Amino acid sequence: MARQGPTGQTRQAEACRPSETEEIEIQLLLEAIYQRYGYDFRSYARASIDRRTRQFLSSSGCASLSEMIPKVLHDETFFSRLAQYFSISVTEMFRDPFVYQAVREKVVPLLRTWPFFKVWVAGCATGEEVYSLAILLKEEGVYDRATVYATDFNDSTLDRAREGIYEMGKLQEATRNYQQAGGKASFSEYYHARYDAGVMDHSLKERITFANHNLTVDTSFGEMHLVFCRNVLIYFNRDLQNRALGLFTDSLVHGGFLCLGTAEDLRLADVSDRYEVVDGKARIYKKSECGTRSAE
Amino acid sequence: MKSGLNEGGHDFRAVVLGASAGGSEAFAGILSTLPADFALPILAVQHLHPMDDGQFASHLGSVSRLTVATPRDKRRIDRGRVYVAPSNYHVLVERDGSIALSVDEKVNWSRLSIDVLFESPAQTWADSLIAVILSDASADGAKGTRAVKEAGGLTIVQDPASAEYPVMPQAAIDAGAVDEVLTLEEIGPRLAKLGTLSNTELGSRDGERNMNDERIRNSELRARSERKD
Chain A
3 MARQGPTGQT RQAEACRPSE TEEIEIQLLL EAIYQRYGYD FRSYARASID
53 RRTRQFLSSS GCASLSEMIP KVLHDETFFS RLAQYFSISV TEMFRDPFVY
103 QAVREKVVPL LRTWPFFKVW VAGCATGEEV YSLAILLKEE GVYDRATVYA
153 TDFNDSTLDR AREGIYEMGK LQEATRNYQQ AGGKASFSEY YHARYDAGVM
203 DHSLKERITF ANHNLTVDTS FGEMHLVFCR NVLIYFNRDL QNRALGLFTD
253 SLVHGGFLCL GTAEDLRLAD VSDRYEVVDG KARIYKKSEC GTRSAE
Chain B
461 MKSGLNEGGH DFRAVVLGAS AGGSEAFAGI LSTLPADFAL PILAVQHLHP
511 MDDGQFASHL GSVSRLTVAT PRDKRRIDRG RVYVAPSNYH VLVERDGSIA
561 LSVDEKVNWS RLSIDVLFES PAQTWADSLI AVILSDASAD GAKGTRAVKE
611 AGGLTIVQDP ASAEYPVMPQ AAIDAGAVDE VLTLEEIGPR LAKLGTLSNT
661 ELGSRDGERN MNDERIRNSE LRARSERKD
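Order-wise, the sequence lines are chains A and B.
The first sequence maps to residues 3 to 298 in the working numbering.
The second sequence maps to residues 461 to 689 in the working numbering.
Derived from the structure by calculation, the hints contain no laboratory data.
Each hint should be verified, as a subset may be incorrect.
What the hints assert, rightly or not - Computed list of lysine to aspartate or glutamate pairs in EDC-like fashion (alpha-carbon distance at most 20 Å, straight line):
| id | chain 1 | residue 1 | chain 2 | residue 2 |
| --- | --- | --- | --- | --- |
| 1 | A | Lys-172 | B | Glu-565 |
| 2 | A | Lys-186 | A | Glu-175 |
| 3 | A | Lys-172 | B | Asp-564 |
As the list claims (entries may be wrong) - Far from chain A by the CB rule (all over 10 Å, computed), these chain B residues:
| id | residue |
| --- | --- |
| 4 | Phe-516 |
| 5 | Asp-533 |
| 6 | Arg-539 |
| 7 | Gly-540 |
| 8 | Pro-546 |
| 9 | Ala-560 |
| 10 | Asp-619 |
| 11 | Ala-621 |
| 12 | Ser-622 |
| 13 | Val-641 |
| 14 | Arg-650 |
| 15 | Lys-653 |
| 16 | Thr-656 |
Just so it is clear, the structure is predicted and the values come from calculations on it, not from any experiment.
The beta carbon of each residue, even a glycine, is placed where N, CA and C say it ideally should be.
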């Protein structure tokens, strides 16, 4: 099958050209991880997992994907390095400013009607979107009624989220997003500059509980009024998406809100008839009171 | 994913196309020459401003006879459609031929990476994939073109001499990954020939060549470009 190239090209092709063998190797690797550590990546969208596994392979010192399997089984440090590659921690503050604008205009007015409400940021990674929401709720004068649960399956990113320390470059980008998202103050009021980084203000953290939660295996843990889960479901296959959406649906009160990433929607989901669209572009949905209106 | 062409002919099933700065008009030009019965899906990445809100895609839709669509996560890729990658997402293709979007870290300073767009289809479609690189001001795409070639696909680049910013085609050629170097004007007709349903019948009618000859010609071209390396 290899088309012969100049010297050396064929060998290189075999190292990076996927084959059925490689697909089997990745399946076995994911199975090994699941059996040994309980982390279930078997239901992740495969194209991304393939790409990340290959990226990791080149830095792992292993000659083949199969060689990674015994190392994963016997060496926990090796596994946690790999898990780091599987954990998507790319995020930014006020990502897609129009979404935050829509939350401000279409979600907050209803949150206001509850004397007390709970928000679940599922798959919070390094926490940027959690702090963005906290700032928004604060500016809308409802933060003292909120409890925010920020969860992720990866403890080390969760630690970073808890610390809330971000590079100055990221905070500058955040400032622009914040303004576009309809921010009401000066963004610099929300962090304290330390050398080339900024620490998020303590008052923002007061109402946030950071906790480990794995959408692939854990259950829902409380009644929520807003579930914020953006750019997480795209990494899951259909079955796992339906599992996660089932958890969100079980958690949400009637009339509660679900906010997904801009490339994610409910159209093909099992729970689509449980929601109505609040803002299509911003992917904000509301759990129907009666459960009959479609999110199509 | 249905097969793109007749059972007997060389079964090209998809086209990936990368363009960047200076490439948008070239891209539109190529699309405007493709016939309405062009049978392959085209997945295209065009480096856009991150705030582009689909204006580029609608511009393409206005000049092309094909349907221009935004790739949507987990959706099947349909033939005869042009999928333009949304800004801020990487576009990957699953082995079953469906779209997988990702927000992974930027590659080559861009989250609309040509390298990323080319690499996973190379796995899905192997020797049934055609990759086209237009002009660009960066080296993004060279690695992806090599991945397509290594998986057995056909790689076409715009002749650097005819590109406004020749860096990308030159990088792909330097990577030794190129089957055909064509001028911008030649790319559209070439794709039309490779990817139109009626191609085989036409080929045998005018006696010029059929799809098998096409295949032989492609391997000759490959051999030729390899000798050049």
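Margin query: Hints numbered earlier in the text: which of these fail when held up against the supplied structure?
Written below: 5, 8, 9
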